[in-house]
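Residue numbers (UniProt numbering), protein chains in the order written: chain A, 1 to 555; chain B, 1 to 277; chain C, 1 to 378.
To be clear, the hints were calculated from the coordinates, so they are not data collected in a lab.
Some hints here could point you the wrong way.
Computed footprint of chain B on chain C, listed as stretches where at least three residues anywhere in the stretch have a Cβ under 8 Å from a Cβ of chain B [to be verified]:
hint: 1; stretch: 40–53
hint: 2; stretch: 130–144
hint: 3; stretch: 315–324
What follows is a list of derived Cβ distance ranges for each label pair [what the hints assert, rightly or not]:
hint: 4; chain 1: B; residue 1: Gln-96; chain 2: C; residue 2: Leu-196; range: 27 to 37 Å
hint: 5; chain 1: B; residue 1: Arg-274; chain 2: A; residue 2: Tyr-140; range: 18 to 28 Å
hint: 6; chain 1: C; residue 1: Val-164; chain 2: A; residue 2: Gly-29; range: 55 to 65 Å
All C-beta atoms, glycine included, are put in the ideal place defined by N, C-alpha and C.
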Amino acid sequence: MIQFDRVSVTYPDAARPVLREVTLTIDEGELCLVVGHTGTGKSTLLGAINGLVPHFTGGRLTGRVTVGGRDTATHPPRELADVVGVVGQDPTAGFVTDTVEEELAYGMEQLALPPAVMRTRVEQALDLLGLADLRHRGLYELSGGQQQRVAIAAALTAHPRVLVLDEPTSALDPQGAEDVLAAITRLVHDLGVTVVLAEHRLERVIPYADRIVHVGADGAVTAGDPAAMLATATVAPPVVQLARAAGWTPVPLSVRDARRRAADLRHRLPATPTQPHRTATTRQATALTAAGVSVRHGQVVAVREADLRLAAGEVVALMGRNGSGKSSLLWALQGAGLRTTGRVEVPTAAGPADPARMKPATARTLVGLVPQTATDLLYLDTVDAELAQADRDATVGGRARALLDEITPGIGGTAHPRDLSAGQQLALVLAIQLSAAPAVLLLDEPTRGLDYQAKAALAAALDRLSAQGTAIVVATHDVEFAATVADRVVVMGDGDVVADGPAQVVLTASPGFAPQVAKILAPLPYLTVAQVSAALAAADPAPAASHAYGGGGRP
Amino acid sequence: MLAATFAAVAVAAPAQAGPLPISQCTTTSGVILVVDFGHFGGPRLRACGSTPTTGYQLLNQGGWKTEGTGHDGPAFICRIGYSGHQSGKKFPTPQQDPCARTPPATAYWSYWHADPGRNSWSYSQLGAMSYKPKPGSVDAWVFGATDTGGTSGGPRFSPDSVRARNTTPGGGSSPRPSPKPSKPAATKPGAAPTTAAARPGTSTSASLAPPPSAPPSSSVSAEPTPTASESSFLDAAPVEAARTDTGSSAPALVTVGLVLLIGAAGAVVAKRRRAGG
Amino acid sequence: MLSGARLPRSLHPVAWWLWAIALATAASRTSNPLLLALIFAVLGLVVTARRGDAPWARAFRYYLYLALVVVGIRVLFRIVFGTGVTADDHVLLTLPQLSTPDWYAGIQLGGAVSVEAVLSAAVDGMRLACLLCCIGAANTLANPKRALRVLPGALYELGVAVTVALSVAPQLVESVQRVAKARRLRAGRARGIRALPAIAIPVLHDALDRSLRLAAAMDSRGYGRTGTATPGSRRITGVLMLSGMAGLCVGVYGLLDPTVPRPLGLGGLAAGTLACAAGLVLGGRRVSRTRYRPDPWRWPEWAVAAGGTLAAVVLAAGTGYDPAALNPSLHPLQWPTLPLLPAAAILLAAVAAFAAPPPPAGPARITAPAREPAVDPV
């Protein structure tokens with residue numbers, strides 16, 4: 001169906017090719033999972049399938065890509081639209097019309113399908129993806145998961161033989177991601193569409209994948225059977241890491257498989273972990289007190305009378321679905337956002353102070369916030385200029401560069417901030433905010449778009465900060481990340497604080513918020529692969545060496 | 001250059017200003033006003049006014065009346081009428097120009113001055129409300145097209161042909177503080193401007209005025225002849241301005257009623273839709 | 001009973017736009033406050049009766065606010081930059097006056113404010129407001145993007161460009177709000193013009209990224225497929241369209257400038273129209289595209305469009321009534337009259353409220369309040 005014949009892609013100004021000599025055949029009806037770190041040629045590989053690379057992105061492609069017998073060199077993306085459907089990360093970026101039904105028909109209109117065919121296909125697609133109730137709704141009224149399902153349905157109505165999905169769930173909350181991935185697997189089973197999928201929530205799709213294509217940092221591409229590939233891949237979900245730590249072969253690919261294999265492991269492990277999931281750094285001193293904080297946007301109560309006390313050195317994960325009020329609470333705590341009622345106090349040398357009543361320049365020395373779209377804070381044209389500006393704004397200047405190198409070393413000073421990877425941008429913004437030396441640091445969805453390595457780097461940075469006594473709140477959907485960094489977990493739902501307690505307790509209380517290791521080892525209270533490895537090492541020092549791959553675990 | 005006829009400034013009219021019979025204008029006192037209705041098949045009308053005054057005041061006394069545009073207000077001279085000409089009908093007529101917005105440069109009243117002693121026209125750089133004519137000067141209004149510099153489209157007659165060549169005011173009367181133009185005979189029988197007799201000012205000019213006590217009704221007495229020669233003028237004698245009534249408020253009330261009715265219909269429709277939906 | 005044409009459905013957007021543009025034309029012909037009030041009433045009635053539940057259908061009130069602002073600004077300007085008070089005017093109040101020297105005779109601020117000036121500014125503002133509300137009504141009654149879909153095939157690209165621009169605008173607003181708020185987090189001490197880069201650069205980057213992604217998505221979905229056209233026929237289409245446009249421009253210029261001989265203007269216009277039409281036909285053939293659920297054009301569409309057009313024709317023709325009544329004078333102050341024929345024509349345009357079929361009832365009304373925002377409200 002799809003054939004890559006010795007394909008290399010080099011972008012202008014790039015020193016080396018992003019894809020090197022790729023030879024790959026993907027058969028009809030296959031579900032092919034593309035893995036690799038961010039910044040490797042994953043998106044390039046996907047883009048080359050329908051000719052967006054190089055027709056749209058520029059760059060030089062050597063070799064030959066054929067899809068359904070058509071050569072992409074002679075067929076631009078629009079001429080391949082009837083063979084390849086494409087769904088991107090952000091569904092709203094691709095919407096052309098404004099209601100669900102029209103969006104589904106758009107591609108077919110371009111292909112000049114007869115009206116009667118369009119009518120029936122739209123009805124089918126609405127049913128297939130469970131969108132029938134939403135057919136007349138405006139696209140921007142939908143939730144993220146619904147929007148992504150519309151985007152998939154819109155790609156499907158043209159009856160493409162190949163569906164290319166580039167990280168379709170990276171911008172979604174767990175429930176939305178679940179819906180979308182369920183829809184994709186149903187497509188594979190019911191329609192036999194060839195699916196090429198890049199996805200970082202590997203654990204959800206691996207059970208259905210026929211093949212894994214790994215894109216290396218040097219541009220080399222290897223493909224193979226999922227279990228065999230994952231046993232050695234540098235990108236691996238916790239379930240695979242656990243398998244490596246426990247020495248299971250072949251590697252189980254789903255929580256269900258792993259749980260069946262884990263009966264023995266559960267016996268071997270001590271009932272209480274030999275080490276906590278993270279070294280507690282919580283101190284006695286209070287870093288921030290919030291009482292009765294409410295935020296109201298018009299008729300919508302985003303946060304309802306939330307109480308929160310943060311101790312110095314404590315790391316709190318703030319969880320909950322999209323729209324549950326996490327962002328609103330963080331903004332209200334910082335003082336830059338709306339706060340309808342309640343009070344926020346940060347102890348200072350001159351007594352308790354409310355950041356909302358202070359000048360922005362003073363408030364950020366008390367409470368720093370890294371917003372969801374971190375790049376909103378970047379406006380200068382080099383990294384050095386941004387750091388210099390941060391030093392000018394800080395009370396104690398000259399530390400920004402050191403802070404940045406501590407989080408992510410090796411970011412060039414002359415690089416344009418917009419050209420950095422998502423992880424590097426986050427590091428830069430974090431360094432800028434930390435240069436004001438706030439006692440409390442708030443991060444809104446920092447893990448969005450980060451790969452396992454970048455997440456590990458962020459976790460390490462947060463560890464160092466908390467050890468220095470900074471109180472940290474991380475709003476996140478990422479259960480695994482929360483299990484790695486948080487002492488305490490606060491769950492919000494519909495504006496209310498639903499649960500507030502030690503991570504160990506909250507994260508194992510319900511399957512929705514449980515990390516994979518906890519699901520596999522329940523009822524044992526283990527949260528991370530590192531805990532398991534340590535326990536195994538204590539019990540039997542010999543086989544413990546194999547967890548060295550543990551990118552997602554704590555270093 | 002339309003701005004020349006547009007006055008952004010309201011200048012309080014001098015208290016002394018008023019209309020005068022033509023004979024009162026001399027080479028050194030009073031201002032001659034000429035309005036050329038030739039574009040509308042009408043005559044060139046000539047009048048006299050006292051100084052100090054403004055171009056606007058001169059055009060709005062003694063039976064003269066102007067109208068501005070909806071957009072710019074009265075300071076922009078869009079229509080000019082004289083109660084002794086076509087019953088005071090103002091030109092251009094609403095059919096010709098609605099006078100809602102600024103008229104086009106191809107059809108508007110352009111404003112010209114000739115200073116005392118000079119026999120050439122200059123395009124007014126000021127609006128009628130801002131310009132203060134000098135004693136003994138001539139103000140002319142010509143309808144038609146002028147180019148943007150005011151270099152073409154000027155009056156087709158010389159200032160001298162319009163001037164009252166009096167060296168002293170005819171009849172010896174000085175400008176009256178508050179003239180009663182409709183009954184000038186009472187004060188100055190000899191110089192009554194209402195008579196149809198030609199004044200000695202210019203040989204070819206004729207006097208034009210409505211019957212003394214019936215200001216705007218019918219003034220067919222001296223309809224202009226289109227064949228009037230290049231330098232022929234009709235003297236427009238000062239008359240009392242037409243009295244205007246404020247009209248009836250009935251149409252406004254009817255409209256309010258209609259709008260209320262439509263509003264009620266809208267309310268009913270909205271209610272039914274809400275109930276039905 | 002009535003035919004199926006009156007079953008709930010959305011009326012053809014072009015019918016609504018014709019109706020609204022015709023009413024706007026009528027409004028632009030008059031400064032009679034009574035006629036303008038009638039047009040307002042008709043707009044209000046039709047919008048109340050026939051708007052749908054879609055997001056754009058809630059926009060009319062914003063046009064109304066904007067209209068009020070326009071009237072307010074117009075009156076305020078007339079008060080501040082007084083344009084002259086005549087001796088007969090009724091002075092309302094006198095503001096302190098700032099004048100420039102006589103020789104300059106420039107703008108003067110303040111001075112006497114007359115009832116006439118205020119009223120005429122209000123009526124003038126009302127006319128502008130009426131035009132605004134006509135456009136607002138069209139936007140409320142018909143989906144603007146759907147209206148663009150009826151463009152002939154050769155202009156399809158243009159329509160898409162406008163559609164995309166329309167959807168970018170609200171996103172840009174959201175982007176500006178978000179970045180402006182985020183600026184506070186970075187102290188954001190700069191004020192005024194120096195604060196501009198800190199807001200503009202992230203916003204522009206955002207917009208650029210988004211447009212690139214949209215372009216890629218549209219390309220992948222088959223936008224701009226060339227169909228069966230050869231390069232030669234594409235070139236001919238281009239030449240025809242360009243020369244046609246040029247001809248149209250020459251023709252319109254010729255007709256508007258009285259110094260150009262009339263036959264030349266008419267000739268240019270005719271030639272331009274012909275060339276454009278040929279280009280459109282030829283270009284339409286090269287674009288192979290179909291339409292999903294095209295809107296039908298049936299008798300309610302005719303009725304709505306005709307109702308509006310009649311009002312425009314009656315007010316533009318100026319016969320059958322005293323044309324002076326369309327632009328009543330405020331000097332001297334007098335009550336405006338209500339010319340019968342124009343008033344009747346405007347009232348007839350309200351027929352659209354009943355001739356048009358009721359809009360389809362969407363599920364939005366039931367589910368909208370329960371919806372969940374796509375991202376956290378930032």
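We went through each hint and held it up to the structure:
1. 40–53: With 7 residues closer than 8 Å to chain B, the stretch 40–53 of chain C meets the three-residue bar; holds.
2. 130–144: That given contact is violated, which follows from only 0 residues of the stretch 130–144 of chain C lying within Cβ reach (below 8 Å) of chain B.
3. 315–324: Since three or more residues must qualify, the claim that chain B covers the stretch 315–324 of chain C holds, with 4 doing so at under 8 Å.
4. B:Gln-96 - C:Leu-196: 27 to 37 Å: 50 Å, violated
5. B:Arg-274 - A:Tyr-140: 18 to 28 Å: 25 Å, holds
6. C:Val-164 - A:Gly-29: 55 to 65 Å: 35 Å, violated
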